[in-house]
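Residue numbers (the working numbering), protein chains in the order written: chain A, 694 to 804; chain B, 634 to 749.
Accuracy of the hints is not assured; some may be wrong.
[Claimed, not checked] One-sided excerpt, in silico: chain A residues whose CB lies under 7 angstroms from chain B: (1) P733; (2) F739; (3) F756; (4) P758; (5) A759; (6) F792; (7) N801.
[What the hints assert, rightly or not] Straight-line alpha carbon distances no greater than 30 angstroms define the calculated DSBU-like cross-link-like pairs of lysine-lysine that follow: (8) A/K799 to A/K745; (9) B/K650 to A/K696; (10) B/K690 to A/K762; (11) B/K650 to A/K799.
Because the hints were derived from the structure by calculation, they are not lab data.
Backbone N, C-alpha and C define an ideal beta-carbon position, used for all residues, glycine too.
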Amino acid sequence: LAKTTQPISMDSYEGQEVNITCSHNNIATNDYITWYQQFPSQGPRFIIQGYKTKVTNEVASLFIPADRKSSTLSLPRVSLSDTAVYYCLVGVGDNFNKFYFGSGTKLNVKP
Amino acid sequence: GAGVSQSPSNKVTEKGKDVELRCDPISGHTALYWYRQRLGQGLEFLIYFQGNSAPDKSGLPSDRFSAERTGESVSTLTIQRTQQEDSAVYLCASSWGGLARGNEQFFGPGTRLTVL
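The shape of chain A in the complex, shown without the other chains:
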């Protein structure tokens, strides 16, 4: 049973803003929401993490509504090098012992 849901793929052009949304209806009270980026043949790399409202760092912003049942990763001005798979991760389970990545969103940035 999938715990998170993301679009399978998205296309964009260089310089555009990209927003990727993840649904996580079963998120627990103490869970954080974390987004990772994965390039082919590499392990995932941390992008951003948040608990509620909005978080911003040097590469992305994360928007989390009050009910926390979804989150949106925003990449401000994408470049070709942002072509990758993006995963959202939430801790699931009463004892926080299981972690589910979303199916991932394949972002294809075109010139």
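Given chain A, put chain B in place with the hints provided.
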């Protein structure tokens, strides 16, 4: 400093053989995670260690899979009597604490396992 390392980077084995995959986490990281990623698919959570203990092993795909961690450091994932469906990249990650505390996971490069 050194990141998470995994060995071997590639492993080709015959169906029915046992394999052992190793993960060396970042020094001082108390939490360690194993994931499986089949070709073109997302990450499948296998098991999580806090220190040397794995509170929940139900994520392991079958009883042919086992994992241990010693000295709050190195971890090994063992697959007995390998099957072709075990072919995948096995990723290890570590973090300062458990995910419930909002800690970032640092991933290793993975071990690509091919079962012939």
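(Q) Of all the hints numbered above, which does this structure not satisfy? Sort the numbers upward. (A) Result: hints 1, 3, 4, 5, 7, 9, 11 break, sorted rising.
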